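Colleague: Sequence:
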Amino acid sequence: MNGESRANLIFLAIFLVVSIPGAVILVKKKMDPVSRPMWIPDGRRNSMVYIDQADAPQSVGRVAPAITSLWLADEARARFGITGIATEDALASATDNVPRPIVSESRFFQLLGAKRQGDAVAIYLAFWNLPRGDGAVDVQIKHGGEPLEFESTETPVPAAVKKDLQDSGLPRPPQRIRWISATAVVPAGTAIPLSFSGTMNDGTFTDQLVIQID
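Under the numbering used here, the residues of the sequence shown are numbered 1 to 214, in order.
No lab work stands behind these hints: they were computed from the structure.
Predicted, not measured: the structure shown is a model, and the values here were computed from it.
One or more of the hints may lead you astray.
Distance ranges between label pairs, derived from CB positions [stated by the list, open to error]:
id	residue 1	residue 2	range
1	THR206	VAL185	32 to 42 Å
2	SER181	GLN208	13 to 23 Å
3	ASP202	SER59	28 to 38 Å
By construction, the Cβ of each residue, glycine as well, lies at the ideal position given by its N, Cα and C atoms.
When you get a sec, could you build the whole thing from the sequences and use the hints?
Modeller: Written out as structure tokens, the structure reads:
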């Protein structure tokens, strides 16, 4: 075998090694009976996961994936005794009439629930969109400009929930979530404006959330 033939064989071997995995994926995709035909272009995005921080026009609806919602409900009940995740009926879609979860302006925090206890209100939050690495996160919560004491616990997001978020359109779902409980002294019928600030990914962040409670 001369040098040219040997070089051709080496090139062919490298080409097969590089191209076979892609060909297998392509064949599997074409054989999937529920997948969209490859000649049909991707449809226009008309919904986003409710914790997705990407900018979007008002016409793009926000969805709460089913598996994620069930997991949150189970965790809220086990951790805080909440029997139902807080939703904002005023944000219900005109087309599907589904109440939306209550999230902060920058979608870092989700209100799980709030309970009045005399002159005080117990507030329960989920802190989404933590860094995907192991970087430390520092957060402060203020009510009426005054620091609010709180307790927090951080846990991994289960694989099934991450897949649920990915399948619903969030390509890089959170790897961790922080559960927060705080108590604020608030007169009955008064809104609870919360402001959040802190450091994350070697930078700072701020956020806002107004809670309405009887």
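Colleague: Give a verdict on every hint.
Modeller: Okay, the hints, checked on the actual structure:
In this structure, THR206 and VAL185 break the distance hint of 32 to 42 Å, their C-beta atoms being roughly 23 Å apart. Distance hint check: the CB atoms of SER181 and GLN208 are about 19 Å apart, consistent with the given range 13 to 23 Å. Between ASP202 and SER59 the C-beta distance comes to about 35 Å, which sits within the given range of 28 to 38 Å.
In the structure shown, a violation is registered for the earlier hint numbered 1 alone.
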